[in-house]
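Student: Sequence:
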Amino acid sequence: MADINEKAIGCVHYKRRAKFVTPCCKKIYSCRYCHDENEEHYFNRKTVSELICTECNTRQKVQANCCNPECGVRFGKYTCLICNLFDDEDKSQFHCYLCGICRVGGRGRFFHCKVCNMCLPMQLKVVGHRCVENVSRSNCPVCLEDIHTSRIPCHIPACSHLIHKTCFEELLSSGHYACPTCQSSMLDMKQLWEYLDSEILATPMPKEYENYFVDILCKDCHKPSTSSSSSEGNDSATKSSVENNRKNNDEA
1 MADINEKAIG
11 CVHYKRRAKF
21 VTPCCKKIYS
31 CRYCHDENEE
41 HYFNRKTVSE
51 LICTECNTRQ
61 KVQANCCNPE
71 CGVRFGKYTC
81 LICNLFDDED
91 KSQFHCYLCG
101 ICRVGGRGRF
111 FHCKVCNMCL
121 PMQLKVVGHR
131 CVENVSRSNC
141 PVCLEDIHTS
151 RIPCHIPACS
161 HLIHKTCFEE
171 LLSSGHYACP
181 TCQSSMLDMK
191 QLWEYLDSEI
201 LATPMPKEYE
211 NYFVDILCKD
221 CHKPSTSSSS
231 SEGNDSATKS
241 SVENNRKNND
251 EA
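In terms of the UniProt record's numbering, the sequence shown has 125 at position 125, counting the first letter as 1, and numbering is strictly consecutive.
Read the hints as simulated data drawn from the structure, not as lab findings.
This one's a predicted model, so the numbers in the text were calculated from it and none came from an experiment.
Please note: incorrect hints may appear among the correct ones.
As the list claims (entries may be wrong) - Computed Cβ-Cβ distance ranges for the label pairs, DEER-style:
| no. | residue 1 | residue 2 | range |
| --- | --- | --- | --- |
| 1 | 217 | 90 | 45 to 55 Å |
| 2 | 144 | 24 | 43 to 53 Å |
| 3 | 57 | 172 | 45 to 55 Å |
| 4 | 90 | 38 | 46 to 56 Å |
| 5 | 27 | 145 | 21 to 31 Å |
| 6 | 96 | 37 | 21 to 31 Å |
Idealized CB from N, CA, C, for every residue including glycine.
Take the sequences, apply the hints, and build the full model.
Tutor: Here you go:
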């Protein structure tokens, strides 16, 4: 086997000693991300049948080691011939047959939820989670990019609608705390609700509105209720509810 020197290998996405011959456009790229960043179409790495060894430039079928007897280099310390994934960095990678992809972080730290149809952190198996069928097959509601095969970690809020972690952080930094999919709170909002309650109590209600009520729907528990009308709160109230109450009070 050829000596492996300390030269830089692979690309910014993966450290490997092979390049793919992409069947979609017959071009040569180090990985699917390099391809997708430079082409106007996406590349499915599972469709690859040929690669090129970067140590000896031998073109060959996809396999774990170079077929050149004078080379024989292993293309990646971690190799998955199902996903055609080669990586020389130890990320505790493992292949989940139910997800159909390789994941990082160690198999023992995850369990596969058959309803969500994805691997979830083991602590959610202990504390419980809200199942959403095939949740990772939906795109991120913020950037609209794929979540299931993304290398970007995802954030799992209480509602279980997945969001890329980077997108979640951008939402928070811009002052958005509700899930873009269902509008449920993604953080503990108790202090804010208590503050708003105190503001409502401290705001005198005009006498002409003292007997007006609105029907509201909580975005967190999704239960309907009735509340007194207030200019400081009742964000979930509908205009029709206010108008109906106005009409009923006028008729009384």
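Student: Against this structure, judge whether each hint is valid.
Tutor: Hints, verified against the model:
1. 217 <-> 90: 45 to 55 Å: 49 Å, holds
2. 144 <-> 24: 43 to 53 Å: The hint (43 to 53 Å, Cβ to Cβ) is violated, given that residue 144 and residue 24 are roughly 22 Å apart.
3. 57 <-> 172: 45 to 55 Å: Check passed, 48 Å falls within 45 to 55 Å.
4. 90 <-> 38: 46 to 56 Å: 28 Å, violated
5. 27 <-> 145: 21 to 31 Å: 22 Å, holds
6. 96 <-> 37: 21 to 31 Å: 26 Å, holds
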